[in-house]
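Asks: Listed below are the residues making up each chain.
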Amino acid sequence: QQPVQSPQAVILREGEDAVINCSSSKALYSVHWYRQKHGEAPVFLMILLKGGEQKGHEKISASFNEKKQQSSLYLTASQLSYSGTYFCGTERGNNRKLIWGLGTSLAVNP
Amino acid sequence: GAGVSQSPRYKVAKRGQDVALRCDPISGHVSLFWYQQALGQGPEFLTYFQNEAQLDKSGLPSDRFFAERPEGSVSTLKIQRTQQEDSAVYLCASSAQGVRADTQYFGPGTRLTVL
Numbered sequence: 001q002q003p004v005q006s007p008q009a010v011i012l013r014e015g016e017d018a019v020i021n022c023s024s025s026k027a028l029y030s031v032h033w034y035r036q037k038h039g040e041a042p043v044f045l046m047i048l049l050k051g052g053e054q055k056g057h058e059k060i061s062a063s064f065n066e067k068k069q070q071s072s073l074y075l076t077a078s079q080l081s082y083s084g085t086y087f088c089g090t091e092r093g094n095n096r097k098l099i100w101g102l103g104t105s106l107a108v109n110p
Numbered sequence: 001g002a003g004v005s006q007s008p009r010y011k012v013a014k015r016g017q018d019v020a021l022r023c024d025p026i027s028g029h030v031s032l033f034w035y036q037q038a039l040g041q042g043p044e045f046l047t048y049f050q051n052e053a054q055l056d057k058s059g060l061p062s063d064r065f066f067a068e069r070p071e072g073s074v075s076t077l078k079i080q081r082t083q084q085e086d087s088a089v090y091l092c093a094s095s096a097q098g099v100r101a102d103t104q105y106f107g108p109g110t111r112l113t114v115l
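Line by line, the protein sequences are chains A and B.
Residue numbering for the first sequence follows the numbering used here, beginning at 1 and increasing consecutively.
Residue numbering for the second sequence follows the numbering used here, beginning at 1 and increasing consecutively.
Treat the hints as calculated values from the structure; they're not laboratory data.
Just so we're clear, the structure is a prediction, and the values are computed from it rather than from any experiment.
Note that the Cβ used here is the ideal one computed from N, Cα and C, for glycine as well.
Honestly, I wouldn't trust all of these hints.
A few chain B residues facing chain A, derived, Cβ under 7 Å [stated by the list, open to error]:
1) A53
2) D56
3) A96
4) R100
5) A101
6) F106
7) G107
With a straight-line cut-off of 30 Å between C-alpha atoms, the simulated DSSO-like cross-links for lysine-lysine are [claimed, not checked]:
8) A:K50 <-> A:K37
9) B:K14 <-> A:K55
10) B:K11 <-> A:K67
Calculated Cβ distances over 10 Å to all of chain A for the following chain B residues [said to hold, decoys possible]:
11) G28
12) E44
13) F66
14) T76
15) D86
16) L91
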């Protein structure tokens, strides 16, 4: 039931792009993306809903493929501040709890 | 307040002690969630409230865990007879409405260490 995130870790140079994926074996109502820095609270980035609606961060884009039950987070022209662990949380139609992936660790170097 | 706050930020307990962790959600937020995050893992759902009603407690790992939100604002997560496997960061989140796909805003967490 836990979504699978890939890759597990990414190292980028400042300015490079990255894609983080989140896949579920169950039908989803929405996918929530968060970034967490060490010792800090997860920070909201984006919600993608079944049907195509999106809510979130202006500078980050994401997609949700309902047929595949897969979401992708696109980080373009990465900045040092993008470093952290990215988590996807999946919400099914029958209740509101989020089931989280194991995270993708992103390091952006100068 | 400006965001979700949690107290204490750090708690060390001896095995067998009871602990109480507090969450102050964003003012006016209807929904409140508790998650447990082990080192290097994603958060795991414990329970959630809509106002004072506990609508889902399926993630509570044992009957030693108990959560309440008596007046629909502040919430307390209580762990009785703590065990070493309870060591984790306990995160609280609140959302404005009681609907699906609503943004959850997280507090900084309480790091519990059970010796």
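Asks: State for each hint whether it applies.
Replies: Hints and how they fare:
1. Annotation: interface hint on B:A53 violated; nearest CB of chain A at approximately 13 Å, more than 7 Å.
2. With a cut of 7 Å, the hint placing B:D56 at the interface with chain A holds, because the nearest CB-to-CB distance is about 6 Å.
3. Given the 7 Å rule on beta carbons, the hint for B:A96 is violated: about 12 Å separates it from the nearest Cβ of chain A.
4. Because the closest C-beta pair between B:R100 and chain A is about 6 Å apart, less than 7 Å, the hint holds.
5. Hint on B:A101 holds. Least Cβ distance to chain A is approximately 4 Å, under the 7 Å limit.
6. At about 4 Å, the closest approach between the beta carbon of B:F106 and any beta carbon in chain A falls short of 7 Å, and the interface hint on this residue holds.
7. A distance limit of 7 Å between C-beta atoms decides the matter here; for B:G107 the minimum to chain A is near 6 Å, and the interface restraint holds.
8. This hinted pair checks out: A:K50 and A:K37 have alpha carbons roughly 28 Å apart, not beyond 30 Å.
9. For the hint pairing B:K14 with A:K55, the CA-to-CA distance comes to about 43 Å; that exceeds 30 Å, so the pair is violated.
10. A threshold of 30 Å between alpha carbons decides the hint, and for B:K11 with A:K67 the separation of about 45 Å lies outside it, so the pair is violated.
11. The non-interface label for B:G28 is consistent with chain A: the shortest C-beta to C-beta separation is roughly 17 Å, beyond 10 Å.
12. With a minimum CB-CB distance of about 7 Å to chain A, B:E44 fails to clear the 10 Å threshold, and the non-interface call is violated.
13. Distance check for B:F66 against chain A: the nearest CB is about 18 Å away, which clears 10 Å, and the non-interface claim stands.
14. No beta-carbon of chain A comes within 10 Å of the beta-carbon of B:T76; the shortest separation is about 19 Å.
15. With a cut of 10 Å on Cβ distances, B:D86 stays outside the contact zone with chain A, its closest approach being about 19 Å.
16. With a least beta-carbon separation of about 7 Å from chain A, B:L91 fails to lie farther than 10 Å from that chain, contradicting its non-interface assignment.
Consistency with the previously given hints fails for numbers 1, 3, 9, 10, 12 and 16, ordered from lowest to highest.
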